[in-house]
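Visitor: Please arrange chain A on chain H, whose structure you already have, making use of the hints.
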Amino acid sequence: MKMDIEKVAKLARLELSEQERVTLGSQLEQILNYMDQLNQIDTTGVEPTSHAIPLSNVFKEDEIQPSFPKEEVLALAPDKEDDHFKVPKIIE
Amino acid sequence: MDLYSLTIHQLHDLIAQKEVTSREATEALYQRIREVEGKVNAFLLLTEEEAFHQADQVDRKIAKGEEVGDLAGIPLGLKDILCTKGVRTTCASKILEGYVPFYDGTVIQKLREREAVFLGKLNMDEFAMGSSTENSGFQVTHNPWDLQRIPGGSSGGSAAAVAADECIAALGTDTGGSIRQPAACCGVVGMKPTYGRVSRYGLVAFASSLDQIGPITKDVEDCAILMNAISGYDPYDSTSVMVEVPDYKRSLKRDVQGVRIGIPDEYFIEGMDPEVDRAIQEAMELFRKWGAEIERISLPHTQYAVAIYYIIATAEASSNLARYDGVKYGLRSKGYRDLMEMYTQTRAKGFGEEVKRRIILGTYVLSAGYYEAYYRKASQVRTLMRKDFEGAFEKVDVILAPTAPTPAFRIGEKTDDPLQMYLSDIHTIPVNLAGIPAISLPCGFSRDGLPIGLQLMGKHFDEGMLLRVAYTFEQNTDFHLQKPNLTY
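Residue numbers (numbering that gives the first Met the number 0), protein chains in the order written: chain H, 0 to 91; chain A, 0 to 487.
Hints are computed from structural coordinates only; laboratory data are not their basis.
Everything numeric in this text was worked out from a predicted model, so none of it was measured.
One or more of the hints may lead you astray.
Stated by the list, open to error - Result set (DSS-like, lysine-lysine): computed pairs, CA atoms no more than 25 angstroms apart in a straight line:
| no. | chain 1 | residue 1 | chain 2 | residue 2 |
| --- | --- | --- | --- | --- |
| 1 | H | K69 | A | K327 |
| 2 | A | K413 | A | K348 |
| 3 | A | K93 | A | K327 |
| 4 | A | K38 | A | K413 |
| 5 | H | K6 | A | K38 |
| 6 | H | K9 | A | K482 |
| 7 | A | K333 | H | K85 |
| 8 | H | K79 | A | K348 |
| 9 | A | K17 | A | K248 |
| 10 | H | K69 | A | K84 |
| 11 | A | K327 | H | K88 |
| 12 | A | K333 | H | K88 |
| 13 | A | K93 | H | K85 |
| 14 | H | K69 | H | K9 |
| 15 | A | K38 | H | K79 |
| 16 | H | K79 | A | K327 |
| 17 | A | K348 | H | K6 |
| 18 | H | K79 | A | K333 |
| 19 | H | K9 | A | K327 |
| 20 | H | K85 | A | K327 |
| 21 | A | K348 | H | K9 |
| 22 | H | K79 | A | K93 |
| 23 | A | K348 | H | K85 |
| 24 | A | K348 | H | K88 |
| 25 | H | K9 | A | K333 |
With the rest of the complex left out, here is chain H:
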């Protein structure tokens, strides 16, 4: 299977150098070939497992609890203005 690495990188929001595209491309192809062995197994009618321990919804009382302090959260932001995270303009 041949992966369109540029397309996948874009979906993953990753900029790759030319060198990375070449190296990753051939490594990933080798890894995907290895994974093709799963096709040897007949999984007709087998339920997929997303969690090994059976899970059900967990409900909590709808109680008001304090949030993390705004200043502490914003202190970690690479860029901020007033009480907001600041990002480049999104809408033209």
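Guide: Relative to the frame of chain H, chain A by itself:
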């Protein structure tokens, strides 16, 4: 007597009997770190000021005649994937280089309540992705038994620090073997608890259906002590399970009479090191001698574990690591022209090679047109693998196998061949996929003096049985008492 070489229970006895203060013990550990850290490189950060503050608090309590618990004043190390309030937490990634959490993870909080002392944060593969700790964004950690070799990974810093007596014990995390494999490589004890036994709140997520926090210790008793401290339901982790936590110290019995131990044929594979094979066979014979029933079993889907794992784990990782976008915390690249470039450049600059490889792979196996063939298929085979274990545990109480196919390999040996690196996890991955608990403990040494690890796997929430069987082995052998020589 060197205080740094003690176990949790030995040091606790001395502290409780007022023969030693926690400050003295903490000072001894930092002294040891100053002596050997230049060779081992296990720590990313030392937090001396806070550690001595914690130690002094315990010492004051004891001076006043108050009783203290078995972790009070004990100097521990923490894998740098666990959020520590006010203390830098990087996941060994440049993208989190300046990240200082404003909250403690649940396990950290539990250890604080028990008044443990935190020496610092330990090195790891970036975002816990790796089997050698060579994928750290900051430094390479060396195996204390042979500095040319890897300490295992991803909790390589934790295992190396415990083996080198740079901390009394440590916490690691295990997504595909990241506690057990480094424990095996470094000749110490490491347990991956049942999925849901220990809260993941405040553990930076890699693959959420597989990640679990667990202890890395010098002996099995210490493992039980830390399991008592960190286990239990947590409302902040909806996947933690409300199952009663037993007192694991009560499991420490020297008795395996009548315990049924399964030996899975599929774990004795081609390419397995003959010395590892021999050590495991010898362990098996010892258990037989001590009255256990040894039974051959089959776990037929074992050969597919690596393929399943590197689809599911990378899929989950690609989603979990989407949060590193340069907006709320962590690195933001400079020089971008628009939002898209801010994302792509920040992530290109912040993530290392292995993390990029896994994000790309995970994005691909989840993308339109490939989801069914990869992610869904892997999740189905995961079901078959889980059923293999269910079937086996109808016949046996524990499963015995090697932790890793070889002792620690050389630094640089597998860095250019990711698939070979992935295949070194073949013996540990099935446990995570099935959500069962497992422990690795020392069971021998190679001719080159490298530790070999014995793995015991158990039923869901049956950590007690693993501790009992491991304790019996340990108390009748002396592998865990061997120490690497670092003072030359």
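Visitor: Could you tell me which of the hints above the structure violates, numbers in ascending order?
Guide: 5, 6, 14, 15
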